[in-house]
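Asks: Here is what each chain is made of, one letter per residue.
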Amino acid sequence: MKHYIVKRILGVIPVFFGITLIVFFMMNMAPATIADAVGEGDASSAAMRAALEANLGLDQPILVRYFLWLKEVITGDLGLSYRTGQPVLRMIGQRVAPSLILTGTGVVWAILIALPLGVLAAWKPKSGWSKLASGLTLFSFSAPSFFLCLIAIFVFSVKLSWFPAANMYSAGSGGDLSDLIRHLVLPASVVCLGSLGNLVRQTTSAVSEVLGEDYIRTARAKGLGEWAVLWKHAFRTALIPVLTTILNHIPHIIGGSMVVERIFGWPGMGSLLFTAVNGRDYTVIMGTTAVVAFAVLVTSILMDIVYRLADPGMGWGGDRS
Amino acid sequence: MKLKKILALTLSLVMTCSLCLTACGSSQEEPSASSETPVNVNYGISNAWDSLMPYYSVSGSNYSRIIYDKIYDRLAYVQADGTCLPRGADSWESADDGYAILFELNKDAAFHDGTPVTAQHWVDTLALVTDPVCEVYGRAFLSGLVGTDDTGAAVAGEKLGAEVVDEYTLKLTFKTPVIPNEFLVDYNREIYVLPTHLLAEIPAAELMSNEFWLAPIGSGPCKFVSELAGSNLVLEANENYQLGAPGFDTLTITVMDKANLLTALIAGDLDYYAFGGSVSEENRPIAEEAGFTVLEGTVPATFYELMLNNESISDAKTRQAINLALDKELLCLQSAGSMGFVTDTSILPGTAYSGPEAENVYDVEAAKALLAESNYAGETLTMACTSARASLAALIQQNLNEAGLNVQIETVDSSTMFAGMYDGTYDMAVASHTPTTLPLWFTASRFTEDNNLFRVADLSYYTQILDMIQMETVEEARVALVDEFEAYLAQEVPFVPLWFYYSLHVQSNTVTGIDYPSSSYCNENVWQWVKEG
Amino acid sequence: MKKRSSPVVQRFLADKLATACLIFLGVEILLLLILPLFLGQDPNLTDKTAGFWAPPSSAHLLGTDDVGRDILARLLYGGQISLLVGYLSAILGTLLGVPLGLLAGYKGGKWEYWIMRACDTFQSFPSLILVLCLVSLLGPSVWNIILVQGVLGWSSVARLVYGSTLSVKKKEYVEASRALGATDKAILFRTILPNVIAPVWAAFPMKVGRAILSESSLSFLGVGLRTPQASWGNLMQNALELITLTTRPWAWIPPGLCIVITVLALLLVGEGLRKALNPRGNL
Numbered sequence: 001m002k003h004y005i006v007k008r009i010l011g012v013i014p015v016f017f018g019i020t021l022i023v024f025f026m027m028n029m030a031p032a033t034i035a036d037a038v039g040e041g042d043a044s045s046a047a048m049r050a051a052l053e054a055n056l057g058l059d060q061p062i063l064v065r066y067f068l069w070l071k072e073v074i075t076g077d078l079g080l081s082y083r084t085g086q087p088v089l090r091m092i093g094q095r096v097a098p099s100l101i102l103t104g105t106g107v108v109w110a111i112l113i114a115l116p117l118g119v120l121a122a123w124k125p126k127s128g129w130s131k132l133a134s135g136l137t138l139f140s141f142s143a144p145s146f147f148l149c150l151i152a153i154f155v156f157s158v159k160l161s162w163f164p165a166a167n168m169y170s171a172g173s174g175g176d177l178s179d180l181i182r183h184l185v186l187p188a189s190v191v192c193l194g195s196l197g198n199l200v201r202q203t204t205s206a207v208s209e210v211l212g213e214d215y216i217r218t219a220r221a222k223g224l225g226e227w228a229v230l231w232k233h234a235f236r237t238a239l240i241p242v243l244t245t246i247l248n249h250i251p252h253i254i255g256g257s258m259v260v261e262r263i264f265g266w267p268g269m270g271s272l273l274f275t276a277v278n279g280r281d282y283t284v285i286m287g288t289t290a291v292v293a294f295a296v297l298v299t300s301i302l303m304d305i306v307y308r309l310a311d312p313g314m315g316w317g318g319d320r321s
Numbered sequence: 001m002k003l004k005k006i007l008a009l010t011l012s013l014v015m016t017c018s019l020c021l022t023a024c025g026s027s028q029e030e031p032s033a034s035s036e037t038p039v040n041v042n043y044g045i046s047n048a049w050d051s052l053m054p055y056y057s058v059s060g061s062n063y064s065r066i067i068y069d070k071i072y073d074r075l076a077y078v079q080a081d082g083t084c085l086p087r088g089a090d091s092w093e094s095a096d097d098g099y100a101i102l103f104e105l106n107k108d109a110a111f112h113d114g115t116p117v118t119a120q121h122w123v124d125t126l127a128l129v130t131d132p133v134c135e136v137y138g139r140a141f142l143s144g145l146v147g148t149d150d151t152g153a154a155v156a157g158e159k160l161g162a163e164v165v166d167e168y169t170l171k172l173t174f175k176t177p178v179i180p181n182e183f184l185v186d187y188n189r190e191i192y193v194l195p196t197h198l199l200a201e202i203p204a205a206e207l208m209s210n211e212f213w214l215a216p217i218g219s220g221p222c223k224f225v226s227e228l229a230g231s232n233l234v235l236e237a238n239e240n241y242q243l244g245a246p247g248f249d250t251l252t253i254t255v256m257d258k259a260n261l262l263t264a265l266i267a268g269d270l271d272y273y274a275f276g277g278s279v280s281e282e283n284r285p286i287a288e289e290a291g292f293t294v295l296e297g298t299v300p301a302t303f304y305e306l307m308l309n310n311e312s313i314s315d316a317k318t319r320q321a322i323n324l325a326l327d328k329e330l331l332c333l334q335s336a337g338s339m340g341f342v343t344d345t346s347i348l349p350g351t352a353y354s355g356p357e358a359e360n361v362y363d364v365e366a367a368k369a370l371l372a373e374s375n376y377a378g379e380t381l382t383m384a385c386t387s388a389r390a391s392l393a394a395l396i397q398q399n400l401n402e403a404g405l406n407v408q409i410e411t412v413d414s415s416t417m418f419a420g421m422y423d424g425t426y427d428m429a430v431a432s433h434t435p436t437t438l439p440l441w442f443t444a445s446r447f448t449e450d451n452n453l454f455r456v457a458d459l460s461y462y463t464q465i466l467d468m469i470q471m472e473t474v475e476e477a478r479v480a481l482v483d484e485f486e487a488y489l490a491q492e493v494p495f496v497p498l499w500f501y502y503s504l505h506v507q508s509n510t511v512t513g514i515d516y517p518s519s520s521y522c523n524e525n526v527w528q529w530v531k532e533g
Numbered sequence: 001m002k003k004r005s006s007p008v009v010q011r012f013l014a015d016k017l018a019t020a021c022l023i024f025l026g027v028e029i030l031l032l033l034i035l036p037l038f039l040g041q042d043p044n045l046t047d048k049t050a051g052f053w054a055p056p057s058s059a060h061l062l063g064t065d066d067v068g069r070d071i072l073a074r075l076l077y078g079g080q081i082s083l084l085v086g087y088l089s090a091i092l093g094t095l096l097g098v099p100l101g102l103l104a105g106y107k108g109g110k111w112e113y114w115i116m117r118a119c120d121t122f123q124s125f126p127s128l129i130l131v132l133c134l135v136s137l138l139g140p141s142v143w144n145i146i147l148v149q150g151v152l153g154w155s156s157v158a159r160l161v162y163g164s165t166l167s168v169k170k171k172e173y174v175e176a177s178r179a180l181g182a183t184d185k186a187i188l189f190r191t192i193l194p195n196v197i198a199p200v201w202a203a204f205p206m207k208v209g210r211a212i213l214s215e216s217s218l219s220f221l222g223v224g225l226r227t228p229q230a231s232w233g234n235l236m237q238n239a240l241e242l243i244t245l246t247t248r249p250w251a252w253i254p255p256g257l258c259i260v261i262t263v264l265a266l267l268l269v270g271e272g273l274r275k276a277l278n279p280r281g282n283l
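Chains as they are written, first to last, in this note's numbering: chain A, 1 to 321; chain B, 1 to 533; chain C, 1 to 283.
Calculated from the structure, these hints are not laboratory results. Note that the structure is a prediction, hence the values are computed from the model and not measured. The reader is advised that the hints may include incorrect statements.
Said to hold, decoys possible - Taking lysine-lysine pairs in the PhoX-like style, the calculated list, with each CA pair at most 25 Å apart, reads:
1) B:K368 x C:K48
2) B:K258 x A:K159
3) C:K110 x A:K7
4) B:K258 x B:K531
5) A:K124 x C:K16
Claimed, not checked - Over the 10 Å line for every Cβ pair with chain A, so calculated as not near, a few chain C residues:
6) V8
7) V9
8) T19
9) L37
10) F38
11) S57
12) L92
13) L103
14) G108
15) D120
16) S164
17) A176
18) A186
19) T191
20) P199
21) K275
For each residue, glycine too, the CB sits at the ideal point set by N, CA and C.
Next up, chain A with everything else stripped away, as it sits in the complex (with noise of 0.2 Å):
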């Protein structure tokens, strides 16, 4: 088990110098507007801006930029963010708490759902468990979270007044945990919607396969109770797939709470994000993306090495995909 881990991370590491690379790569296309944005007044300065650029390394060959850049980030210094003048990891990490509480709320939500109806629906294929979980599926696959977010906006803010329609607490509230959950309530429900197509169908297809093997079977006909059935052998024997599921849209999941975060105005890595965007802020883009790559990666070894604990019939040799 540790040769596997230990081979697993090893497999990672060309990974991780992808994702280093993309991102450096991003930061390369523009790396004139770096010096360009910066604000009225001092910007035209030649001078100026050619201490702005010895300052970024600009000036030297890419090849040597890459490495510094890439010494610099393994030593989780992400640079100063141009804009607000603090180092990028800071602020990254005042975003993570935030971004969490919204997708792992969402996420939790969609498995607490998805879970029962998904074996509800496999277990009675006919039955209105399983035209809902289709009907579901089909609605979180099909609706644009931000449509989502408007028609939450609308009916439960504007017309119904339940909930706030922006930020995470109320400004100046003290950050009760009462205050975060009703301004928790509409995003985590987006994000929830979002994700939960796939983990019904993911649930469903693994449930109905797993009922349809001969030991089921056999386990009915010895008379074991249905719930026994399902519980003991089916859930549990869908639940591999269904971790996998949630770990491989980890990305979208993120990709997509980005946009909910935009409109809730919620102070996750998402605004962070789209605010670094929106004024050019390259360093923050290119940390904030390094960041959720690398996390991203993280995870799915965490989750694989799981996964493997949960079935010691996978063995510790193959490779996942």
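Got chain A; can you put chains B and C on it based on the hints?
Replies: Positioned in the frame of chain A, the structure of chains B and C alone reads:
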């Protein structure tokens, strides 16, 4: 069995994580425990500020200045009509035949650490930010001081025009004669006093990125408590502010989407939002229905113009054609509703320098005729605008198309837009500015070698006439010179003046004492704000 | 494989819902192309007589927007753009992904290693974030969105093709054709490709749908297209203003519904294709 455990573990881990984070998040923001509930003013703003170092504002935007205004102190408080009231300075007077201004500083002013603010602090601050090794953004406004070059950086070997006369008297000396009130109207919003006694240890070159600015100390009406960069800033009232303690305990500034500000105010999430609770005419009924009083501004708060790149649009005929092709009435209606009025000059109406009321010179045929005579050969011109003005830009594009000009629109943020105008990336851009009552508030700083925003090839006439106007102290002669200059601008059209806009202010139902219109000068009288607990 | 194509069509047509959706998608394209001709309204031109934000009337069936442009015309032209971006970027992604997946699966070794690691790398980025960054760097235009979405869309196709190539590669008929002296190229394109392409077909409509969704998100955020170009996404931007959200539902609900219905139809066509191509359900 094993599986169940792992599943339970994973799920509970996720749950506890999010719960923990929630708890952490909330505990961070918990205000310091006190016996009574502190009175908090919730302040909304639509754009984020930059670094909390006031001379390191990359965007140079008013969103940053209005924040600095709280933490740091300025010389004066400028009201919407251009009158200046005492703030950091009690009084000021002209000296040395108009070449210098003497500021009598307030003797009660103190930094948040208790150190009194003295003339030495002001002088040290100016010496620091004019230091060439100090990487400040935007010190061009200091280029008027003796001992600086055109960029506002100190010239080696020359004595800087900022001196200590006595402990509480500051003397600023200028290259040309300066009227104190005009100086303050123009530059008060950019000059802050820094706690230089705390910065002495930091090398000037490293000052901007120093950790000091993560938790800064100033001498303004509010003290820094905590910041979530780009999102949230918590300040507390400075009980010892020389003009009086603000009538609240804490001020929480939250960045919100522009569209959400009014909603949040109505919902009671906000007490006030910058700038001056401004609201569009379209949204006015919403505010009034919700029980808010809407105040109409009495002084134009915004000047709109179409910046032109005089290098790429080199023919004055083309620029005149652009001016004629724009249906300013329609554009103004789209952007400002009935709260705007079109103009053909940057000079505010109602001053000694303003001419007769502007007419709408919209004339497509005349524009076409001029264009035919010009050197414009059908090339595509790039017009930059911010995303909030994209609709307006689309309308301008239609106007110009009708006259035969091809235009494509680039939607960028404002600092990219200005930078692109400086370096010639864009051919035109839609911009707005806060006007002042001075005749040269707009033109004086935009036609210099160093700040040639419109990329005019030959600045000699501008330099000459601007100098003459600034040196002239007799009002009639000055009016005549300004008229001459305006006539030249009307011929040359280096930029197209569009309209002035009066703000509408939604008045707070919870905080009293707010001077709404004056926020257009990036200062707010928070020391007079009162919120009942 | 060719012989089986008619049963596939038959099986697909037997699925009434999927067939209806396919017809709908065809009709939608036709309508988006033809209706503007009948409407005779320029999507980018202000109607000065109607004014800004005119409510729906006979002259402007969906009213006018904040610039006084006909919203229905913008909806139709915007639809052309949204669909163009959706279909073209899905095609581009598939064209890139299929050969790379084939190479990785068939050649194995270094090819497999590097292509699959590149796949991992691209899939580590939330696609919307990467698209947002790249489009903001390249500048807004329809072609840049298509290019970026297309190029970034290769990895999921490649992974799909790679998986099926691995299993097909070991089949007897591949061994047989190799024994008969067929070249790598011939084996890849004549023997393996027809056998691995089915899941790609089935996934294609979904890919189009995703591309439409991601384009509309970008445009909604105001990053994708150059003003005054319309798309279903940026037509809804105005709804961020409270007054539009609450008092002018005709301005933002139609484009939203258009997106939902189009993506839904694409999904159902995809489902239908999946069942038709793979009646035993082991895809």
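Asks: Next step is simple, just say for each hint if it's right about the structure.
Replies: Against the structure, the hints:
At most 25 Å may separate the alpha-carbon atoms for a hinted pair to count; K368 of chain B and K48 of chain C meet this at roughly 20 Å. Distance restraint check for K258 of chain B and K159 of chain A: the Cα-Cα separation of roughly 20 Å lies within the 25 Å cut-off, and the hinted pair is therefore satisfied. Between the alpha carbons of K110 of chain C and K7 of chain A the distance comes to roughly 18 Å, so the proposed pair stays at or under 25 Å and holds. Distance check on the hinted pair: K258 of chain B and K531 of chain B sit about 24 Å apart at the alpha-carbon level, within 25 Å; holds.
Between K124 of chain A and K16 of chain C the CA atoms are separated by roughly 23 Å; this keeps the pair inside 25 Å, and the hint holds. A cut-off of 10 Å between C-beta atoms confirms that V8 of chain C is not in contact with chain A; the least separation is 21 Å. Non-interface call for V9 of chain C relative to chain A: holds, since the shortest CB-CB distance, roughly 24 Å, exceeds 10 Å. For T19 of chain C, the non-interface assignment is confirmed: its Cβ lies about 17 Å from the closest Cβ of chain A, beyond the 10 Å cut-off.
Against the 10 Å criterion, L37 of chain C stays outside the reach of chain A, whose nearest CB is about 28 Å from its own CB. With 10 Å as the threshold on Cβ separation, the claim that F38 of chain C sits away from chain A holds: the shortest Cβ distance comes to roughly 28 Å. Listed as a non-interface residue, S57 of chain C keeps its Cβ farther than 10 Å from every Cβ of chain A; the least gap is roughly 24 Å. For L92 of chain C, the requirement that its beta carbon stay farther than 10 Å from each beta carbon of chain A is met, with the minimum near 18 Å.
With a least CB separation of 15 Å from chain A, L103 of chain C remains clear of the 10 Å interface cut-off, as annotated. Chain A leaves G108 of chain C outside its interface by the beta-carbon criterion, the shortest separation being 12 Å against a cut-off of 10 Å. With a minimum CB-CB distance of about 5 Å to chain A, D120 of chain C fails to clear the 10 Å threshold, and the non-interface call is violated. For S164 of chain C, the condition that its CB be more than 10 Å from all CB atoms of chain A holds, with the nearest at approximately 13 Å.
For A176 of chain C, the shortest C-beta to C-beta distance to chain A comes to about 28 Å, beyond the 10 Å cut-off, and the non-interface label holds. With a minimum CB-CB distance of about 27 Å to chain A, A186 of chain C clears the 10 Å threshold, and the non-interface call stands. The beta carbon of T191 of chain C is kept farther than 10 Å from every beta carbon of chain A, the shortest such distance being approximately 23 Å. Non-interface status of P199 of chain C relative to chain A is upheld: no Cβ of that chain comes within 10 Å, the nearest being about 15 Å off.
For K275 of chain C, the condition that its CB be more than 10 Å from all CB atoms of chain A holds, with the nearest at approximately 13 Å.
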